[in-house]
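A.B. asks: Letter by letter, the chains look like this.
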Amino acid sequence: MLTPSHFSAVLLFATCTSVVFGITQRSTPRGMVRYGIYCWVLFVASVIAASWLMWLVKR
Amino acid sequence: MSSKAQVPVQAKTQGFAYSALILGWLIPGAGHLLTRHWIRAVLVFVAITAMFWLGLAMQAKVYVPNTGDPLDVLGFAGDIGAGILYFIARIFSLGQSTVQLVTADYGTKFVVVAGLLNFVAAVDAHNLRIGRKV
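Protein chains in written order, with this note's numbering: chain A, 1 to 59; chain B, 1 to 134.
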C-alpha cells in the first residue's frame with residue numbers, strides 16, 4: 001500500500017495533471033512545455049499558500 | 001478597426017470521425033496514437049495510467065453506478081472516464097468499497113481525476129482528428 005505524505009501526493013498529482021493540461025491546451029511543443037510548467041507551479045504554489053493560510057487560521 | 005476571425009481549415013477525415021474520441025476514451029493516449037502524435041500519446045498514456053494506478057495503490061474507492069447516492073454517481077462519472085483502466089479495476093476488484101484512510105481519500109481523487117483528464121485528452125484527440133486543432 002502506498003502512503004505518501006500530503007505534499008508528496010500534491011507533487012504526484014500536479015505532475016500528472018500538468019502533463020495532460022500542457023498537451024491538451026496548447027498546440028506547439030514549446031507552448032505545451034511552458035503551459036505544463038505554469039500549471040505545475042500554480043498547483044504547488046497554491047497548496048503551499050493554502051497550507052500557510054490554514055496554519056495562520058489554526059493559531 | 002475590423003478584424004477577421006481565423007477559422008482553421010477543416011481537414012477531411014477519412015473513416016469514422018469519432019474513432020479518436022472513442023478509442024482515446026477506451027485506452028488513454030490511443031486517440032493521439034490514431035492521429036499519429038506519438039509523443040503526445042505516450043505522455044498521455046503514462047500520465048493517466050500512472051495517476052490511476054497510484055490512486056489504486058493508495059487504497060482508492062472505485063465508484064459503482066447503482067448505490068443510490070447522487071455523489072457516488074458523480075464519482076462514477078469521473079471514474080468511467082478512465083475507460084479500460086476502470087473496467088480492469090472493477091473486474092479484478094482492485095479498488096476499495098469504502099474510504100478508511102487519509103491516503104485512500106487522496107487515492108480516490110487520483111482515480112476520479114485520471115478519468116476526467118482522460119475525457120479531456122479524448123476530446124483533444126477528436127479535435128486533432130477532425131482538424132479543429134493542429
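The hints are simulated quantities; they were obtained by calculation from the structure and are not laboratory data.
Check each hint, because a few of them may be wrong.
[Unchecked claim] From the structure, some residues in chain B lie toward chain A, with a derived Cβ separation under 10 Å: (1) Ala47; (2) Val113; (3) Asp124.
Backbone N, C-alpha and C define an ideal beta-carbon position, used for all residues, glycine too.
A.B. asks: Work down the list of hints and note, for each, if the structure agrees.
C.D. replies: A quick look at each hint next to the structure:
1. Among the interface hints, the one on Ala47/B holds; its C-beta lies about 4 Å from the nearest C-beta in chain A, closer than the 10 Å criterion.
2. Evaluation of the Val113/B hint against chain A yields a held restraint, the C-beta minimum of about 7 Å falling below 10 Å.
3. Interface hint status for Asp124/B: upheld, as the beta-carbon distance to the closest one in chain A is roughly 4 Å, under 10 Å.
The structure fails none of the hints (numbered hints given earlier).
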